[in-house]
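Colleague: Each chain is listed here by its residues.
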Amino acid sequence: MSEVAVKPNNDLSKSVKAFLTKYSIYFILVLLVAILTFLSPAFLKPVNLINIVRQISLIAIVGFGVTMIIITTGIDLSSGSVIAVAGIVASKFAHPDTYPLAVALILGLGVGLLAGAINGFFVSIVKLPAFIATLGMMLSFRGVGYILSEGHPITNFTKEYDFIGSGYWLGLPLMIYILFGAAVLSYVILRHTKTGKCIYAIGGNQQAAVVSGINVKKNLMFVYSYAGMMSALAGIMLSSRLSSGQPTAGLTYEMDAISSAVIGGTSLSGGIGTIQGTLIGALIIGVLNNGMDLMHINAYYQQVVKGSIIVLAVILDKARNR
Amino acid sequence: MSEVAVKPNNDLSKSVKAFLTKYSIYFILVLLVAILTFLSPAFLKPVNLINIVRQISLIAIVGFGVTMIIITTGIDLSSGSVIAVAGIVASKFAHPDTYPLAVALILGLGVGLLAGAINGFFVSIVKLPAFIATLGMMLSFRGVGYILSEGHPITNFTKEYDFIGSGYWLGLPLMIYILFGAAVLSYVILRHTKTGKCIYAIGGNQQAAVVSGINVKKNLMFVYSYAGMMSALAGIMLSSRLSSGQPTAGLTYEMDAISSAVIGGTSLSGGIGTIQGTLIGALIIGVLNNGMDLMHINAYYQQVVKGSIIVLAVILDKARNR
Amino acid sequence: MEEQYILEMVDISKSFPGVQALKGAGIKVRKGSVHALMGENGAGKSTLMKILGGLQPADSGKIILKGQEVSFSSPSESLKNKISMIHQELTSIPHMTVAENIYLGREPLAGKVFVKDSDQNARATELLQGLGIQIDPKIKMVRLSIAQMQLIEIAKAISYNSEIIIMDEPTSAITEREVEHLYTMIRNLTKKGVAVIYISHKLNEIFNIADEVTVMRDGEYVNTKKIEELTRQDIISMMVGRELTHMFPKVEVEIGEPVLEVKNLTRAGKFNNISFTLHKGEILGLAGLMGAGRTEVMESLFGLVPANSGEVLIKGKPVNIKSASDAKKNGLAFITEDRKLTGLFLPHSVKDNIIAASLDRFVVGGIFMNEKSVNGICEDQKKLLRIKTPTIEQKVKNLSGGNQQKVLLAKWLLTDADIIILDEPTRGIDVGAKSEIHALMGELVKTGKSVIMISSELPEILGMSDRIIVMHEGKLTGEVSRQDATQDVLMSFATGTI
Amino acid sequence: AQTATTAAPAAGETEATTAAPAAPAEKKVVGVMIGDMSAQFHAYIMDGMKKEAEKYPDVEFVYVDGKFDPNVQMGQAENFIAEAVDAIVYIPGDAAAAKNLVDKVSTAGIPLIGVNTEVLPEDMDKLTSYAGSVTIESGILLGEAFAKVMGGKANMIELQGFYGHEPQIMRHEGILEAFKSFPDMKILKEDSGEWNRDKAMQKMENIINSDLNGKFDAVICHNDEMAIGAMKALEAAGMLDKVKVAGIDATPEALKYMKEGKIAFTVFQDARGQGAKGIEIAVKVINGETVEKRYTIPYVTVMPEEADKYLALYE
Ligand SMILES: Nc1ncnc2c1ncn2[C@@H]1O[C@H](COP(=O)(O)OP(=O)(O)OP(=O)(O)O)[C@@H](O)[C@H]1O
Ligand SMILES: Nc1ncnc2c1ncn2[C@@H]1O[C@H](COP(=O)(O)OP(=O)(O)OP(=O)(O)O)[C@@H](O)[C@H]1O
Ligand SMILES: [Mg+2]
Ligand SMILES: [Mg+2]
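Same order as they appear, the protein sequences are chains A, B, C and D.
Per this note's numbering, residue 6 is the first one in the first sequence, and the count goes up by one each step.
Per this note's numbering, residue 6 is the first one in the second sequence, and the count goes up by one each step.
Per this note's numbering, residue 190 is the first one in the third sequence, and the count goes up by one each step.
Per this note's numbering, residue 216 is the first one in the fourth sequence, and the count goes up by one each step.
Isolated chain A, as found in the complex:
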């Protein structure tokens, strides 16, 4: 009950430090951008920046759902497969002169919701470790993708469906607006709703959440279903961008999405994480990929550099949780 607990030695240096640790991940991004701008003049052109944001939009959108899952101490390895299945289902209903756009969208998102709910069922009701449940579903959903598409890409879409991935509005790709919308929606859910509070509580201490009368099962079901839907959204966008619904789509995207979340400060032990962090994490990955391409770094070395920088970013960001 003493005052020992609060005794800053130096107010200024303390607040600077607090600021730096709180926003360290932003500084890493800024630093990376600065270095790349210096090394490659093409980097900072608006058209390239737009390009980067569009490229990361898929993994960021997947990452938003995954972030919520990781906050509840879970993980989702099935995202990449859900991308494929949802893309295929939506593609099947996107041929000209068959159904209105809404049908493709609703079925695509619906199948993602269902896939997510299956994950949620295993994790929240059957109480399997999320890693193994979603690993199993990663295999199963991918198989379903092959079965539904019979191994072949599905092509030939309506103009409206094509517009999702290739359209522009007010000079910006539609995909960027979708990214923005998904980010705002996810942010609001996590930060400003009861569900968001429950998600953090479950991740912070599941037993305490139960005792506090929080419906853990219901909230976990929500989180996994939401993440499934976000993956499906990415799947629809990807199939439209490529003009093709493919059973191989989204392979290993789950790892990029998880990396984005973790680089962005989401803790794999749960209870901690933000949507804006994940967005920054995805941007760091995107900026890296793009920058290395612009600098014509040999592809073999790109992997080494990317791996090292991911580790470095997390090291620099570690101060935050200290």
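These aren't lab readings, by the way, just hints derived from the structure by calculation.
Don't take each hint at face value.
Said to hold, decoys possible - Just some of the chain B residues that point at chain A, by a computed CB distance under 7 angstroms:
hint, residue
1, Thr-42
2, Pro-46
3, Ala-138
4, Ser-145
5, Arg-147
6, Tyr-151
7, Gly-312
8, Ile-315
9, Val-316
Unchecked claim - Here are some chain A residues pointing at chain D (derived, C-beta under 10 angstroms):
hint, residue
10, Arg-147
11, Leu-153
12, Gly-156
13, Leu-175
14, Gly-255
15, Tyr-305
Note that CB positions come from ideal geometry on N, CA and C, so glycine has one too.
Starting from the known structure of chain A, fit chains B, C and D with the ligands onto it as the hints suggest.
Modeller: Frame of chain A; chains B, C and D with the ligands shown alone:
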């Protein structure tokens, strides 16, 4: 409130139940074998059983190291890449008329040890989450594999080197003996040495391990290095089996190794797990892959079945931790 | 001084980011004596001992062990110097056996590598028997109760054959009977010349076992005195730095009609035929020894673990409570005994902790949280309970134990429940905070609420309760009114000797 | 490898007679090892196989997916040997790593029919027969046709297959081979699109934004999927009129885009023809008919005006 929840109170049924839960994973394997024998007469032939064991030897050996890592609450996503790098390095020194076999083996295993030590450094000294550290190294090591091999397979080995992966001794493939040796070594380390106790202690309660005077850093370094070496051993075996050291070798093997461990009862939250469990887990995966091929199940459906059975096995095994 | 000190810690300072935990603190301990270390929550007792145990380095200061200046950079160095420690936080490894836990890090080895399991088990058996602890060393730690785990930790600390044993709140999870047993063990140790540093918030224990007392406040050394020179009040005022008059400030409230009736509640293997009644404005004490099943009854009452049979009536109406949210709807609140395990969200802010059980009350438009009202109400709670924190955004893990307990209380008070179950509400809490929590209980019953208080501290039960029921091995063995209750009566019910 | 593997067929025969009731009556079995079912091109080969297989209702064909992992294929070959199938049709995921597999199957005495991808030259003899092309030729044709289209002078971006995969290595070599006689065909940048439309599109977008913008006038891709990805990125950047894109495979989509003038040309590899041939040979072999050692199915360069003809093949 007033309903009956659990009512055992029967000594016999209780001890049967205890037995079943303790060995549940073995029963799952036996059940699977029984079903497959019934469905496919070719399954139970000795030559097929030998096949299965040889086929799982790689992921089981990787799995032994990964098991120890998971027991310490860590994870290793870089195993597949270490397989490639070690295979390439060993292959480079396995050309006829250059060096004795020992050189290829020592350098191959040495490079695995080094890779593992790098993972260990990030996890134990820098204190990064193992997931992100080994994810970064997965990328980096894979890149190193490409750089060392210049993207091409390395072929043309000495007879001795070829013998590792294709040789027979007393009617059994050499690979099975290596598997057996690695299993026994790993089992003894984990069950009967001080290091093994330390590994369980670190995973069970790291704080407790520290206050008991255990050198957590040293033991973590050991575990990651050992796992790196096991992956390297698998890499050497693979390159010999294929007569070719390839930069693409071992892609996604880390997931199979982790699955083996988890199916075999290793808990991703640490402190629990056995080598024999992982061996059984790998056998379950191997029996499944083999059985589905023998039963001529369509490859697309195989993925669905495999995913579902992994989940099912873990559900059935869950009683064990109750 | 007639005899040489075995240990002197002089002028020790230590700071954590933003916190000066120790400012020139120190302690001098004689061979073969029990030296109590006292101080409020956050005074720096554990930190000082962690420095001695090699867990944390001091920023400055000296440690003199048997005349030699030493410094320990790891627990193993400290252990080598014959200093062992029972930690405030339980440090057992759940899926290893009792023997493995005890001999962790110093297993009997064959050929320097292989652990001799049977040797280890034999040694553990011998050790536990010698200490009179009836636990099979081959069973896994996870199967023990918290109290049994604490006994194992005590046994483990003793098994090092150390010259100095630090006991940081060794009795936080065990009850009077085991405490008596611990006294015996300590007396045997001191007879052999072992020095014990004993940290506890329970004054009774200090007067029972300690030879000398050192008091710390705000990370600083206050004073050291022989126990004979001290009264309770002396220690308290040294610790708090002011006079603390009311220890158990019992508020007299008129007891009203029954609000909760429990009839024949049974859960197989845990408790049997539990029946009791709680009245409006009443504080009902629930006493008993370790493992008596008190917590279990409350868990079933609160819907966390279903009972097999029985009936519960609230305000005369039968209710069927199957989950915590049912319980909340029926006006129950449950402040659980282990605030870290089942109470708090440690990585989260004070604010998020306080609102966690009453989220619905802040929801606007069906889904959104009304941040403004959250902030306002949390600030009110902070003031009301005098929670010491710079802001309500502070992470709970950075608060001291007492303040954490208050956050937990705030969470449940916010639900505005009529029936408040407090399970060990002052465990590990210093006297100052304790009396504040007791005062608060008075406030609650004054406003017409009712309280069930489980406590293993008999003075607390006796001081606070209007009526006391006692459990023994899953059965209700007695009921006494405030007037008739004495330590002896309660103990005989609790041990089943009546 | 001798002792046990030679024992395999023998063990198989003895067991087969006493087999469980589920054993089908004397139906011959052909194991078909696809290199990677997720690769578009292999999927088309499999289509050809399945169509051909319909002609032989009394033979059972078992398709397994090698996932582009030679170790997986090795395991599948072992499984087929254990099962004592009557013949194996084999699309190698990798030539170098096929050595031991070929050894094993031939030691076991099971006819092995290679399809699409050659194994190492010294192992070709051990195949019972081979239906396919010479991989390097696809690269040579692609390079030569590009030289023709560009008038012998171009600055190109090369989007290669997944690094380390057999066709990636051989096609790259073929392209370099072809350009030996066209010194003005320059490759400004090599990168990998991993056979994948998605990855190729991202790579192209980044290249378009780099300092290479305006400096290249052709994108040479190791397959049509990547060509389509590159084409889409160029189209979005409005550069398609200045840059020519081509790939290999003649997939229906690529042919469609050729008709629209978005892709310059492609190199046809008769996926279905190869697949069908492989099955046909296998059936002949198990019926005891003699087969030739090699059925070469050549690559053909396809220009836009021929697109319809090739599209018709997919009907
Ligand atoms: N690792 C740490 N990081 C930051 N602050 C710490 C750390 N450990 C202790 N403190 C702070 O140091 C002060 C002293 O803590 P300490 O645990 O020594 O108190 P204590 O006297 O043992 O209290 P209690 O009676 O509650 O156990 C407190 O303000 C505490 O918050
Ligand atoms: N969920 C649980 N799993 C395993 N053991 C438990 C659980 N909850 C309580 N126990 C143990 O069961 C025994 C009876 O529990 P309970 O906590 O009800 O006793 P109590 O009378 O409240 O004693 P205490 O003074 O320890 O609170 C105790 O020893 C306790 O540690
Ligand atoms: Mg303390
Ligand atoms: Mg209790």
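Colleague: Evaluate each hint against the coordinates.
Modeller: Each hint tested on the structure:
Annotation: interface hint on B/Thr-42 violated; nearest CB of chain A at approximately 24 angstroms, more than 7 angstroms. A distance limit of 7 angstroms between C-beta atoms decides the matter here; for B/Pro-46 the minimum to chain A is near 26 angstroms, and the interface restraint is violated. For B/Ala-138, the shortest C-beta to C-beta distance to chain A is roughly 6 angstroms, which falls under 7 angstroms, so the interface hint holds. Satisfaction of the interface hint for B/Ser-145 is found here, the shortest Cβ-Cβ separation to chain A being roughly 3 angstroms, below the 7 angstroms cut-off.
Of the supplied interface hints, the one on B/Arg-147 holds, with its beta-carbon coming within about 5 angstroms of a beta-carbon of chain A, less than 7 angstroms. Interface restraint check: B/Tyr-151 against chain A, minimum CB-CB distance 4 angstroms, threshold 7 angstroms, status holds. This hint holds: B/Gly-312 has a C-beta 3 angstroms from the nearest C-beta of chain A, less than the 7 angstroms allowed. Because the smallest distance between the Cβ of B/Ile-315 and any Cβ of chain A comes to about 4 angstroms, under 7 angstroms, the interface hint for this residue holds.
Because the closest C-beta pair between B/Val-316 and chain A is about 4 angstroms apart, less than 7 angstroms, the hint holds. Annotation: A/Arg-147 was flagged as interfacial toward chain D, and the flag holds, the nearest CB pair being 9 angstroms apart, inside 10 angstroms. Interface restraint check: A/Leu-153 against chain D, minimum CB-CB distance 14 angstroms, threshold 10 angstroms, status violated. Proximity of A/Gly-156 to chain D holds as hinted, the smallest CB-CB distance being about 4 angstroms (cut-off 10 angstroms).
Checking A/Leu-175 against chain D by beta carbon gives a least distance of about 16 angstroms; that is not within 10 angstroms, so the hint is violated. Evaluation of the A/Gly-255 hint against chain D yields a held restraint, the C-beta minimum of about 8 angstroms falling below 10 angstroms. Hint status for A/Tyr-305 relative to chain D: holds, with the closest Cβ pair at about 7 angstroms, below 10 angstroms.
In terms of the numbered hints stated before, the structure departs from hints 1, 2, 11 and 13, listed from lowest to highest.
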